[in-house]
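Participant: Residue numbers (my numbering), protein chains in the order written: chain F, 1 to 249; chain R, 1001 to 1272.
These aren't lab readings, by the way, just hints derived from the structure by calculation.
Every value quoted in this text rests on a predicted model; they were computed, and no experiment measured them.
Just so it is clear, CB atoms sit at the ideal spot from N, CA and C, and this is done for glycine as well.
Be careful, since some hints might not be right.
As the list claims (entries may be wrong) - To be clear about the criterion: a stretch of chain F counts as covered by chain R if any three or more of its residues have a C-beta under 8 Å from a C-beta of chain R, and this derived list gives those stretches:
{"id": "1", "stretch": "14-24"}
{"id": "2", "stretch": "84-95"}
{"id": "3", "stretch": "116-122"}
{"id": "4", "stretch": "157-163"}
{"id": "5", "stretch": "215-224"}
Said to hold, decoys possible - If you only want the chain R side, here are some residues facing chain F, beta carbon under 7 Å, derived:
{"id": "6", "residue": "N1101"}
{"id": "7", "residue": "L1110"}
{"id": "8", "residue": "Q1113"}
{"id": "9", "residue": "Q1114"}
{"id": "10", "residue": "Y1132"}
{"id": "11", "residue": "S1180"}
{"id": "12", "residue": "A1183"}
{"id": "13", "residue": "E1186"}
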Amino acid sequence: MKVLVAVKRVIDANVKVRVRQDGSGVETANVKMAMNPFCEIAVEEAVRLKEAGTASETIVVSAGPQAAQETIRTALAMGADRGIHIPADGPVEPLAVAKLLRTVAEKEGAGLVLLGKQAIDDDCNQTGQMLAALLGWSQGTFASKIEISGESARVTREIDGGLETVELKMPCVVTTDLRLNEPRYASLPNIMKAKKKPIDTITAEELGVDVTPRLEVLNVAEPPVRGGGAKVENAAELVDKLKNQAGVI
Amino acid sequence: MAILILAEHADGHLSPATLATIGAARALSEKGAGDIAVLVAGSDCAAAGGEAATVPGVNKVLVADDAAYGNGLAENVAGLIVALAPGYSHVLAPATTYGKNICPRAAALLDSQQVSEITDVVDSETFVRPIYAGNALATVRCKDAIKVITVRATAFEKAAPGDGGAAIESVSGPGDAGLSTHAGAELSHSERPELTAARVIISGGRGMQSGDNFKQLEEIADILGAAVGASRAAVDAGFVPNDFRSARPARSSRPSFTSLWAFPARSSISRA
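With the rest of the complex left out, here is chain R (with noise of 0.2 Å):
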């Protein structure tokens, strides 16, 4: 039995998410899931894999250095990923937009019936789950022979890149599928923690009244370095983009302290 993970980086580092995941895989290495591999595909992905490599747990770091997997096309990667699969027991990802794009893919390709956004390591092939948008926990069994899973990075320690030194190897796959192109993305950089790694939300309402006034919230959030979200009708007023919302169906975040005070926002769970 082994771990194969499938990273999701940037600027040649691993994102938060993760590190999440190779918590999670170091949960299950510990009951006898055994070693851990992170695969990193992209382009020019060295760096990353570079850093992977230095994170205690990981045992072997597979970098595929390839045009076709730069823009995380899930046609692409989920071909990579298949071509790898039969040496494990394990295929991890984060359930970041990243990793639930390309791992279903490569679950149906493997005949493998995933199990998405776990929250708990039971034991090898056990998992509990959100379900009903966390109104539920189901606790499953997985028996298929390559157990596909993504990981809700909320609810694993994040491992840190530390003294790990495992071994790098470069590997190719089928590379381009020739069924999609990647045509472009409107990004909103933002120094602040992403809504779903972070470990403290400040969220705005209908009650900040204007796009403008969520400048404020941004201040406090700097101080606090803290991710700065918003409720679902914030954003159908337009006050911020929709990457704001912080209770967005399948979004999972889990933050130490949520901050409703004077910007009233809605604190229950919305499943759409």
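Next comes chain F alone, as it looks inside the complex (with noise of 0.2 Å):
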């Protein structure tokens, strides 16, 4: 079974961001880029499905800037096989990245697609489910486990209320959440050898599909300020503030 992951590079989560003071957007430009922490997950469990026999073949999909090669490689370095690029200059709506991925699970004949629940960048958390829903195969979304087993997957999903478990018919998509597994380092050896991995360049034209953004993004601004905690010296303080300050008592 071929396993299709894709991956997207966004600002590294340990950046704080900034928004630009005409409020076109955040600010991109020299500022440290990695791959999406929820990705990073969904490589890890391909590749422990490659080395478990279930997966016969993984397959790193992303769809960006040139740059996006880099998030690509580093899939690559965590053991992935090969990767595809989709070229892309602007930012690519969930939407459309999903039409992208149908094109190439399709022509790639995958059985399973594997994606981050959400980018930490637009917090969109959307592609999966489309994904799934133009291909028309089942999805578990927000996956803290996965067990796959000839024609089904069992997929225990993080619910609002805890877990639920679902039994899913294959193919199927999945969408990956934080306790999933936790994603190796590349080592020295594989980032060497990840060098040498083929990684294809496909535009969205050739794949037949128009990414041209259907939401129209008219300001970026900076949330309203929070205001910060305050120490307290003893408890009937505490209690003063509680009833008068935020009128919880």
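Now that you have both chains on their own, put them together as the hints suggest.
Facilitator: Here it is in structure tokens:
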């Protein structure tokens, strides 16, 4: 079974984002970029499936600027077999990414597509669900456990009140939550090996997908400043604050 | 123009997040988005449908009573939404794991670019939504014929069941898509409010030292009518289960007061 993994290049999770003064977006020039953390978990899961013999090949796909190839290369260093880069200069919205991935998944004959549950830049949480819809496949979102046996997959999902387990017909789309696994660090020999692994480039036109954004971003602003916390000296002061300031008693 | 709301419900009642979604729909309706219909899908869900009909501002309740919708499987419920959506300009759902699982699937089938987790309604096609884990707020305009939107529950005033008398209509959809089945759930039952909808959260961090010590927080929480939350560190240390995490990515709690007093929990927003 071929496993397809989608990855996104985003501003590193540890970088504090700054909003541009003109309201056009957040500052991305000279900012450290990295693979979206949820995508890393998806790559790790795919590599583990390959190691367990469940997956025959793992293919990493990314739509984004030229530099997205570095992100694909990171996934290859973690153990994925080959990459596909779909060049795109501007932002590509979830629906467009889902359409691109559908065509790639069909072309490659993938039996499972793994994605992060959401990207930490636009926080959309849509692509996996949309891809499953377009392919007409089952979906297991926010997965904390995946067990594949033949024609079905058992996915444990992290939901608001706890955990839910669903039985999915294969092929399926699974999106990863934080608890699914702990992604490995790429070893130096594997980083060297990854340099020789192939990355194909396919354009959106070749895949027959229009990636023009549908949503018009009118403005990006700083959120209102949150009042900081305060230390209290004693219980009496706490009670006073709870009563008169927070109004919770 | 008209608004269709996908309701999340349990034990015959609409979830607090659904009531907040109705609140958002009322704001949309005031800005010219038309009447509000609430879709209650599930098995034996007539009671929840009845409750929805009493919420002021709701014009119509659609009840889809079918075992296929009983466990909220996205493959089945999305099919139902797609069947009903052509009569509407807006499809809304609460941005809970229920709504987030189903809505994008329906949006893709309707060829609509969903707007996730809105926190404000500017006009009938313009919305404010947080990006970068709330470190920036984007104002976006959606021109799609059917706008699919998830609503951040803590950002809108909750509607309350009252003396409304909306018409209740029974609807059916394509039913079971045959792609997935529900195989079980482990839900932590709690009488306390849910983190995503709580007005007050008592949050504990690694400083609590053990899961047993969280009982003290639970006692305070019960007195204040608060939810109990925890930092990622406390969860990772095994004190409490993961669903306690108050600053979980894509989890949006906006309490009026968070106690970090004596139970150090990281107060910064975690992006991952």
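Participant: So, for every hint listed, does it hold in this structure?
Facilitator: Cross-check of the supplied hints:
1. Chain R is given as covering the stretch 14-24 of chain F, and this holds because 3 residues of the stretch bring a CB closer than 8 Å to a CB of that chain, at least three being needed.
2. Requiring three or more residues with a Cβ within less than 8 Å of a Cβ of chain R, the coverage given for the stretch 84-95 of chain F holds, as 3 such residues are present.
3. Evaluation of the coverage hint for the stretch 116-122 of chain F: fulfilled, as 5 residues show C-beta separations to chain R shorter than 8 Å, against a requirement of three.
4. Under a criterion of three residues with beta carbons nearer than 8 Å to beta carbons of chain R, the stated coverage of the stretch 157-163 of chain F is upheld, 7 such residues being counted.
5. By the rule of at least three residues with a Cβ nearer than 8 Å to a Cβ of chain R, the coverage given for the stretch 215-224 of chain F holds, with 9 such residues.
6. Interface hint at N1101/R: satisfied, since its Cβ lies 5 Å from the closest Cβ of chain F, which is below the 7 Å cut-off.
7. The interface hint given for L1110/R is violated, since its Cβ lies 9 Å from the closest Cβ of chain F, which is over the 7 Å cut-off.
8. With 7 Å as the threshold, the beta carbon of Q1113/R comes within range of chain F, its nearest partner Cβ sitting at about 4 Å, so the hint holds.
9. The restraint placing Q1114/R at the interface with chain F holds, with a minimum CB-CB distance near 5 Å, inside the 7 Å limit.
10. Interface restraint check: Y1132/R against chain F, minimum CB-CB distance 5 Å, threshold 7 Å, status holds.
11. Residue-level restraint check for S1180/R holds (minimum Cβ-Cβ distance to chain F is 4 Å; threshold 7 Å).
12. At its closest, the beta carbon of A1183/R sits 4 Å from a beta carbon of chain F; the interface hint therefore holds under the 7 Å criterion.
13. With its C-beta approaching chain F no nearer than about 5 Å, E1186/R sits inside the 7 Å limit, and its interface hint holds.
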